[in-house]
Amino acid sequence: DGGITQSPKYLFRKEGQNVTLSCEQNLNHDAMYWYRQDPGQGLRLIYYSQIVNDFQKGDIAEGYSVSREKKESFPLTVTSAQKNPTAFYLCASSQGTGEGQPQHFGDGTRLSIL
Amino acid sequence: AQTVTQSQPEMSVQEAETVTLSCTYDTSESNYYLFWYKQPPSRQMILVIRQEAYKQQNATENRFSVNFQKAAKSFSLKISDSQLGDTAMYFCAFMKLHTGTASKLTFGTGTRLQVTL
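Residue numbers (my numbering), protein chains in the order written: chain A, 1 to 114; chain B, 1001 to 1117.
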C-alpha cells in the first residue's frame, strides 16, 4: 500500500542534542511538508519542498533544518537551537502544485525533552 | 497572510444526530481551496472534504457536506447521522494557490467533537 512512513513514533532529546525525524513516501508525490502541532493549536508549517534538492522555510523554521536528496525522503533535523522542541511532528506530501492537491499525512512523531 | 478561525473549541453530539462545525477565514485571494481534516485519537490526519473556491456548488462526501459562503468567507462542515467513529479533532484549512511552488496549508486551531450514545 502506498503511504507516508514516519519514524520513530516516539523520540526523546537531551539538552544540546540534534535529532532527526524520518519521513519516507512511496506515493511518487513531488511536494513534501513538515508541520509541528502543539496542544490546543493547529498545525504550523516548518519547511516544505517541491522538488529534489530544493526546499523553503515555512512559518516556524528557526531551529530546524531539512534535506531533500531523494524524491521519497524528507528528513527533519531538530537542532539544539530549537529551545522548545516538545511537540507532535507531522510529515505530509502532495502530488502536484498550484491545483489544490490535498496533502496526505504520516502518523507523526512525538518528540519530548529528557 | 491568510488566517483561519474555528470558534468552537469543543462540541458534542448524540449518535445519529446532525452537527455543524464552523470555520471562517480571511484572505484577499479570489482563487483558493478549502479543506476539512479529521484527527482521531490515533493522531493521524485524514482528509474529510475539499472545496474549490471557484465552484459555487457545495462539496459532499457521504455523510459529510459543507456550506461554503464565499462572500462571507465561511466554510462550515455538516456531519449527518453522526457515528461514534466521528469522534475526533476537526481542522479547517486554507490553501492559497502558488504557481511553481508547493501549495501550503494554513490550519485553524481545531474543534474537538465528541459523539455520545
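Take these hints with a grain of salt, some might be off.
Claimed, not checked - Partial chain B-side listing against chain A, Cβ under 8 Å, derived:
#1 1005
#2 1033
#3 1035
#4 1043
#5 1047
#6 1052
#7 1054
#8 1055
#9 1059
#10 1064
#11 1084
#12 1095
#13 1109
#14 1110
#15 1117
Worth flagging that the hints you see were computed from the coordinates, not collected in a lab. Please read all numbers here as calculations on a predicted model, not as lab measurements. The beta-carbon is built from N, C-alpha and C at its ideal position, and this holds for glycine as well.
Evaluated hints:
1. 1005: 10 Å, violated
2. 1033: 4 Å, holds
3. 1035: 6 Å, holds
4. 1043: 5 Å, holds
5. 1047: Check passed: Cβ of residue 1047/B comes within 5 Å of chain A, closer than 8 Å.
6. 1052: 6 Å, holds
7. 1054: 10 Å, violated
8. 1055: Check failed: Cβ of residue 1055/B comes no nearer than 11 Å to chain A, outside 8 Å.
9. 1059: 12 Å, violated
10. 1064: 14 Å, violated
11. 1084: With a closest approach of 21 Å, the residue 1084/B hint is violated.
12. 1095: 6 Å, holds
13. 1109: Holds - the Cβ of residue 1109/B comes within 8 Å of chain A, reaching about 5 Å at its closest.
14. 1110: At 6 Å from the nearest chain A Cβ, residue 1110/B passes the 8 Å test, so the hint holds.
15. 1117: This interface hint is violated because 27 Å lies over the 8 Å limit.
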